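J.: Based on the provided sequences and hints, a complete structural model is requested.
Number of protein chains: 2
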Amino acid sequence: MGGDAGPPVTVPAALRMSAHADIVLVGAEDRIVAVLEQSGAAPDAPRLSILHASEQIHTGDPLAQTLRHKRDASMRRALALVADGSADAVVSGGDTGALMALSRQILRCVQRIDRPAICKALQGVAGPFWMLDLGANVDCSPSQLQQFAHMGDALARAVAGLQAPRVALLNIGTEAAKGPRRLHEAARLLDADDRLRYVGYVEGHGLFRDQADVVVTDGFTGNVALKSMEGAAWMAGQLVRRWFDALGLAEREALAPARGQLESLRRELDPQGYNGASFVGLAGVVVKSHGGADTAGFASAIDLAIREVRGDLCGLLVRHFPA
Amino acid sequence: MGGDAGPPVTVPAALRMSAHADIVLVGAEDRIVAVLEQSGAAPDAPRLSILHASEQIHTGDPLAQTLRHKRDASMRRALALVADGSADAVVSGGDTGALMALSRQILRCVQRIDRPAICKALQGVAGPFWMLDLGANVDCSPSQLQQFAHMGDALARAVAGLQAPRVALLNIGTEAAKGPRRLHEAARLLDADDRLRYVGYVEGHGLFRDQADVVVTDGFTGNVALKSMEGAAWMAGQLVRRWFDALGLAEREALAPARGQLESLRRELDPQGYNGASFVGLAGVVVKSHGGADTAGFASAIDLAIREVRGDLCGLLVRHFPA
Numbered sequence: 013m014g015g016d017a018g019p020p021v022t023v024p025a026a027l028r029m030s031a032h033a034d035i036v037l038v039g040a041e042d043r044i045v046a047v048l049e050q051s052g053a054a055p056d057a058p059r060l061s062i063l064h065a066s067e068q069i070h071t072g073d074p075l076a077q078t079l080r081h082k083r084d085a086s087m088r089r090a091l092a093l094v095a096d097g098s099a100d101a102v103v104s105g106g107d108t109g110a111l112m113a114l115s116r117q118i119l120r121c122v123q124r125i126d127r128p129a130i131c132k133a134l135q136g137v138a139g140p141f142w143m144l145d146l147g148a149n150v151d152c153s154p155s156q157l158q159q160f161a162h163m164g165d166a167l168a169r170a171v172a173g174l175q176a177p178r179v180a181l182l183n184i185g186t187e188a189a190k191g192p193r194r195l196h197e198a199a200r201l202l203d204a205d206d207r208l209r210y211v212g213y214v215e216g217h218g219l220f221r222d223q224a225d226v227v228v229t230d231g232f233t234g235n236v237a238l239k240s241m242e243g244a245a246w247m248a249g250q251l252v253r254r255w256f257d258a259l260g261l262a263e264r265e266a267l268a269p270a271r272g273q274l275e276s277l278r279r280e281l282d283p284q285g286y287n288g289a290s291f292v293g294l295a296g297v298v299v300k301s302h303g304g305a306d307t308a309g310f311a312s313a314i315d316l317a318i319r320e321v322r323g324d325l326c327g328l329l330v331r332h333f334p335a
Numbered sequence: 013m014g015g016d017a018g019p020p021v022t023v024p025a026a027l028r029m030s031a032h033a034d035i036v037l038v039g040a041e042d043r044i045v046a047v048l049e050q051s052g053a054a055p056d057a058p059r060l061s062i063l064h065a066s067e068q069i070h071t072g073d074p075l076a077q078t079l080r081h082k083r084d085a086s087m088r089r090a091l092a093l094v095a096d097g098s099a100d101a102v103v104s105g106g107d108t109g110a111l112m113a114l115s116r117q118i119l120r121c122v123q124r125i126d127r128p129a130i131c132k133a134l135q136g137v138a139g140p141f142w143m144l145d146l147g148a149n150v151d152c153s154p155s156q157l158q159q160f161a162h163m164g165d166a167l168a169r170a171v172a173g174l175q176a177p178r179v180a181l182l183n184i185g186t187e188a189a190k191g192p193r194r195l196h197e198a199a200r201l202l203d204a205d206d207r208l209r210y211v212g213y214v215e216g217h218g219l220f221r222d223q224a225d226v227v228v229t230d231g232f233t234g235n236v237a238l239k240s241m242e243g244a245a246w247m248a249g250q251l252v253r254r255w256f257d258a259l260g261l262a263e264r265e266a267l268a269p270a271r272g273q274l275e276s277l278r279r280e281l282d283p284q285g286y287n288g289a290s291f292v293g294l295a296g297v298v299v300k301s302h303g304g305a306d307t308a309g310f311a312s313a314i315d316l317a318i319r320e321v322r323g324d325l326c327g328l329l330v331r332h333f334p335a
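Those protein sequence lines, which keep their order, are chains A and B.
Residue 13 is where the first sequence starts when you use my numbering, and the numbers rise one by one after that.
Residue 13 is where the second sequence starts when you use my numbering, and the numbers rise one by one after that.
What the hints contain is simulated information worked out from the structure, not anything from laboratory work.
Hints should not be assumed to be uniformly reliable.
Note: identical chains are not told apart, hence a pair may lie in one copy or across any two.
30 Å max Cα-Cα, derived DSS-like pairs, lysine-lysine [to be verified]: (1) 190 x 82; (2) 190 x 132; (3) 82 x 132.
Bear in mind the structure is a predicted one, so any value in this text is a computation, not a measurement.
T.: And the structure:
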């Protein structure tokens, strides 16, 4: 039900991805059926089913109320399917704060993990890198940063099959004395941890340059960095557009065959390309889709959830954090 | 003497800008004269003079040594010219940490300002905005953030003639409860400050979208945000290049007349475009040029220093912080 558009985006995305997984659509049955019928799909499509939920969580609902009331909210019912073993993963375009709070309440964290983090794969020049936390935890202790390192390591192994992901801490320089004290202590913990391939500090301008596979930071800094990158990418898109618009008519005509490629560049720079954030550290797979995602975006979030399940993310986490 | 290239970049830049200001070249006289002669300029050009300094500060020199010894370093001698009133501003491509430490030691802060900040004007979609601190102060109290707000306000007035700059705090959401506690206290101070036009929180993806003229943050967060934006801009440049290289030969030929514009886009996305950081809060104008700046970049840093002097930045600061 979540996201700016709700079922008109999520249902066609599920329909598309039902070639690869069994999908339960949780929400208002009448609205879901209406979209399925519009899409020309039989409501009894073999790998799609519907679980009716009479309520919905809206962005702006007070969190305390979301946690205590709204027992029949689609988000809660979907998470309960994972908690009771009827489903392997939840994908939601709903409110980030509510999804995180309900995920913690219903799924709980893997043992010895204090709190889940939000992690996204971003496309660097030589492939993806994973960055966390992107906003779930404003203040983080050095020990939490170490947990994030293991969580990011497990995610990179699970979804991309990396054998020994390079783990770095986001800082404002690469020398040991740079940045705040809490980072120095985190660096000491990571450096002493044999189970991680810690490669030191990475700076913002090194993120895309293949210096690390997993970039660890607190949720405040990570969220600022992510949104600043989105802002710069948006600005770059504006400049590309301005450049194109400033061309002469003859040049624009000559460019016509290439314009499709310019469009794909714009899409690659679009924050929407960052769609699909993993809530990692939970005893279950939860993927947050961007609220403004279109069908392709929501389908890619479903695809990510499938890869996390197939890569046994939760099993890796349990082995990373032995009792 | 500073920057990756030294006099071969700084001297031609000074020569170019000497149409607009009297410029003292401080450093190794023989090397300066050699570049001037190569440039075809008479060493007695009317608005250029040379002050010989026998030493130079190198990146990597221990800061304590820089502060106590190297009494004849070009950077120190240049700052002393401002301290004794013989010059109005210093422009340097040298080491940022050394320049900041020597600036504080020799020029000192304007009364009631605890520490200087590093501030840059970035180009948003509707014009420049000023962001500070970009790395001088890793940890900042709410009161320091309020000082930064006044410093950024003064800079925007001095160099761009803004009448009432909109001041915002960089945060991870726009609601009052978002982000760390220290920001909530800073927001309270700014909101209660009649002399500032405080407009609330701004997020990273709003920076370029004309939501504020002055963006205030601590030096750790600001440096991470700046470098992340540079990283994203670099990545955008890589994508543009890849797109161009993927074109067919006929398309590339058709594009030839437009390629100059593509190049200017690349330059606009280049971190070098961010050249010219102001050290603001000092009793004197100090502009740091990017170490890798070319002649045009260094000349634009000189131009910024001229505008800060003409706009009476230091006078504005003194009036912002009455005794």
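J.: Give a verdict on every hint.
T.: Outcome of the hint check:
no.: 1; hint: 190 x 82; verdict: between (47 Å within a copy, 24 Å between copies)
no.: 2; hint: 190 x 132; verdict: both (26 Å within a copy, 21 Å between copies)
no.: 3; hint: 82 x 132; verdict: within (29 Å within a copy, 48 Å between copies)
In this structure, every one of the numbered hints holds.
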